[in-house]
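Protein chains: 2
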Amino acid sequence: MSEFLKLIPIQQALQILLSQMQVTIIPERIATLNALGRVTAQLIHSPIPLPPFPRSTVDGYVVRAADTFGASESLPAYLRVNGEILMGGTPGFDINPGETGLIHTGGMLPESGNAVVMIEYTQPVSGDTVEILRSVAVGENIIHIGEDVQIGEEVIHSGVRIRPAEIGGLAALGILEIEVAKKPIIGIISSGDEVIPPEGKLLPGQVRDINSYTLSVLIDQVGAIPKRYGVFPDQADVLEVNSAHALDECDVLVITAGSSASVRDLTARVINQLGSPGVLVHGVSIKPGKPTILAVCNNKVVIGLPGNPVSALVIAGMFLVPVIETLLGLSNVGTRPKLYARLTTNIASQAGREDWVAARLYSNQEGYQVDPIFSKSNLIFSLVRANSMVRVPADATGLSAGELVEVNLLT
Amino acid sequence: MSEFLKLIPIQQALQILLSQMQVTIIPERIATLNALGRVTAQLIHSPIPLPPFPRSTVDGYVVRAADTFGASESLPAYLRVNGEILMGGTPGFDINPGETGLIHTGGMLPESGNAVVMIEYTQPVSGDTVEILRSVAVGENIIHIGEDVQIGEEVIHSGVRIRPAEIGGLAALGILEIEVAKKPIIGIISSGDEVIPPEGKLLPGQVRDINSYTLSVLIDQVGAIPKRYGVFPDQADVLEVNSAHALDECDVLVITAGSSASVRDLTARVINQLGSPGVLVHGVSIKPGKPTILAVCNNKVVIGLPGNPVSALVIAGMFLVPVIETLLGLSNVGTRPKLYARLTTNIASQAGREDWVAARLYSNQEGYQVDPIFSKSNLIFSLVRANSMVRVPADATGLSAGELVEVNLLT
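Protein sequence lines, in the order shown, are assigned to chains A and B.
Per this note's numbering: the first sequence = residues 1 to 411.
Per this note's numbering: the second sequence = residues 1 to 411.
Just so you know, the hints here were simulated from the structure itself, not pulled from any lab data.
Please note that a few of the clues may not be correct.
Copies of the same chain look alike in the list, so a pair counts if it fits in one copy or across any two.
Computed list of lysine-lysine pairs in DSS-like fashion (alpha-carbon distance at most 30 angstroms, straight line) [as the list claims (entries may be wrong)]:
#1 LYS6 - LYS182
#2 LYS287 - LYS338
#3 LYS338 - LYS182
#4 LYS300 - LYS287
#5 LYS227 - LYS183
#6 LYS6 - LYS290
#7 LYS227 - LYS6
#8 LYS6 - LYS183
#9 LYS201 - LYS338
#10 LYS183 - LYS376
All figures in this text were calculated on a predicted structure; none of them were measured in a lab.
Only chain A is shown next, with the shape it has when bound in the complex (with noise of 0.2 angstroms):
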C-alpha cells in the first residue's frame, strides 16, 4: 500500500494526466443528420449569407417608409397595391413611391420596399388602394440579409459537441456532411478472482462483473466506442498480456481491480510494465475512488480504477471522460451542469479529501431538495435509487442539514 502515501487532489490528478497526454483528433466525414452527439474537427464558414434575402417578420403591406410618415387612423395613407408577393419566388414588381404590394411572413422584400407595415393597421378601401393607419420608420419589420449569418462568417468552431441546433444551423445552409472527430476506441479489462461475466452462474464467494457493463455504456454517452475484453484472474502475467493487447488495439485502456489491496498494487505494476511513462498518480484524495491509478504507456492513457462498481463509475465520470473528451478535441473539457439544493440531512466526512454521496434530488414550492442516501461501501443498487451526487469540498468535515450544497445529476 505504499503507493497510498501521498493521496493527490483530485483536480492535480487531473491535470497531471491531461498534461502528459498525447493528442491527435482523427477528423471523418459523416451527414449532418448523423452528428448528433458527435464534436466538429473543423470550423465552419457559412457558404451564404442568412437569410439570402431581405425578408418580411409579419403578414402586411411592403411599403417606402416615408410614404406612411404621419400616418394615423384619423389621417390615413393611401398607397396603390402593385400586387401580392407570392412565397417562395421573386416579387415581380417594384414598390415606387405611393406603392405597396402584399407581403406575407417570410415572403421577399422588393428592392426599393425598405419596410412592412401590419395587416392589423391597414384597410383595403377600393382594388387598387389601401389605407396605411400607423407609420413605420425605415427596416421594420424586416430581416436584412445576412441578419443572421454573414457570408463567410465562422459559424461553428471546431471542437463543439452537436446539438439539434447546430444540426438545424448546418441544414439552413446546406450543409449536409461535416468533418467530425472520430470515435476513439476504450478497451475495458475487468480483473479479480471472485469476479465472473454477468451472463455467468454465481457460485459462492463469486460476483458478476458490473463495471465493463457500466463503463461500456457511459463511454458510449460520452461519444466513444467501448471494447470489452472480459474478466481475468488477479495473475500478473495473464494481466500483462491481455492488457498488452488491448492497449494495441485501442485508445485508451480501462482496468478495474479486484477489491482487496493486494490486487490494487498488482493492477499498478501490471500498467507499469505497459509503457512509459508508466504510473503517473496512484491514490486520489476522493472517496469514493481512493485507489486510483492514472497512467500514459507509449502516449497512450490507462486508468486503473476501483472495483468497488459505485467508485469505478464516479472515478471514470471524473477522469475517463475528461480524458475522452480531450481525445475528441471538445473545447470544454469536463464542465457538466451542476444545480444547487437544500441539503435534507447532516452528512459527515473527513477534511482533506473530495466526498461524493449518491443522492436523491426532488423538488417542491421551497426549491431543490436532495436527500442523500447512505450505503455501506457504495453498493451498486444505491446508485439505481440515486438520481444525483452531493459534493462534499475537501476543506469541509461534512455538510450540515439546511445548507446550500453543490448536486451534480446522474443521467
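For this one, chain A is given, so just place chain B on it according to the hints.
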C-alpha cells in the same frame, strides 16, 4: 386568424392533449447492454439477494466480535489464524472461539465470523497468531446477504429511463435482457411554398427546410424513431393526402407550417380532415410558438408546429417531448432539470404570455450568470449561439437584470 382569439396557457394546453391520448405500450425484449436511454416496460424483481453472500468491506481478519471485546494497543487480543480466505471461493474453514482468518475486501465470510478487524489494527506475532489491537462490534466491516437488494425485491419499476446505474444493477443480478417500450415512430411533414429540402439549391425567395432535421434529431434524443416525409407545397389536397398517408404509418405526426398566417390556418384545416376529434388547441400563450396546433385524430396525436425553426424546436420540446415520453410509458413525463441564474440584462415581456428567450449561461465566482441573446424573429443561429433558454413566467411583465431567473439547458 379566428382560432387565435383564445390563447391557452401552456400547462393547460398540454393537459388537454395528454388527457385525450390513448396509450398502448408495446414491449420488446432487448439486451441489457443495448438498453441505455430506453424505458422499462416491466417491473423487475431481483432473482437473487445482493450481495449473494456475506462479504468483508475491508482487508483484515474475520473474527467472532466477542473475542475482541476490550482489545486495545496496550492490551491486545491474541487469536489463532486458521488460514486465508481466497477471493472467489468459499472459506475453507470456520471461525471457532479464539480463532480468526485473513480476509480480503469482498471476500466471503465463514459462517461463524460476524465482524472483520481492519488489517491496520492487527499485528502478526508468530506463524499462526495475530494480535488484535482494537475491538469490533458484531456486523462491523461486513455487508450482509441481501443488504443491497433482497431476493424478490422490486428493483426497477416500469416506466424508468435506463441509465448506466440501472445497467450495472441488472448486470449484478445477471439479468441480460429486459423488456422496454418499443420506440414510437414520429412522422415529420414540412410545408411551405418557400421551403426546399436542405439538399436543394436555393433560388431567390426560397429557404431550406430546417425543421425536419432538427426535429429528427430531437425525436431520436428522446427515444423515438423519426420518419421524414419531405417538403410539400401549401396546397390543401397535397397536404391532406400526404398527411393521411404519414399518419397511417406513424404513431404521431408533426406538421411544420409555412410562415404566413393563411398557411397556418391551412394546417389546422388539413389536420381536422385527418380524423376525430381533430384540433383540440389552436394557439398557445407562449412566445415563440403562439400558432401551435395540438390535435388527436383517430387516437393518434398530430401536432402543428410553427415554421420558424426556433419556435418549432421550443414548442416540440414543450409538447412533442412529453407526448413521446407518455407513449414510452415514462413515469416522470415532462420533467427536466432547471437551473437558477442571475440575469445580466433586462428582458421585456408581455403579461399573460410565457416567453422563452435564448441565452448564454456561464458561471463565475458569483455563481451562474445568464446573458439573454436578443434576436429578431428567432433566427436559427441565435440558438446555435445559445446554450440555454430563460423562462419569463406568464404573470411577469419582464425580468430585471440582477434577478434570479429560471434557465433550461439546451442539450
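Now the hints, each set against the structure:
no.: 1; hint: LYS6 - LYS182; in the structure: neither (37 angstroms within a copy, 51 angstroms between copies)
no.: 2; hint: LYS287 - LYS338; in the structure: both (19 angstroms within a copy, 28 angstroms between copies)
no.: 3; hint: LYS338 - LYS182; in the structure: within (29 angstroms within a copy, 32 angstroms between copies)
no.: 4; hint: LYS300 - LYS287; in the structure: within (26 angstroms within a copy, 50 angstroms between copies)
no.: 5; hint: LYS227 - LYS183; in the structure: both (12 angstroms within a copy, 26 angstroms between copies)
no.: 6; hint: LYS6 - LYS290; in the structure: within (11 angstroms within a copy, 61 angstroms between copies)
no.: 7; hint: LYS227 - LYS6; in the structure: neither (32 angstroms within a copy, 56 angstroms between copies)
no.: 8; hint: LYS6 - LYS183; in the structure: neither (35 angstroms within a copy, 50 angstroms between copies)
no.: 9; hint: LYS201 - LYS338; in the structure: neither (40 angstroms within a copy, 44 angstroms between copies)
no.: 10; hint: LYS183 - LYS376; in the structure: neither (37 angstroms within a copy, 38 angstroms between copies)
When each numbered hint is compared with the structure, violations occur for hints 1, 7, 8, 9 and 10.
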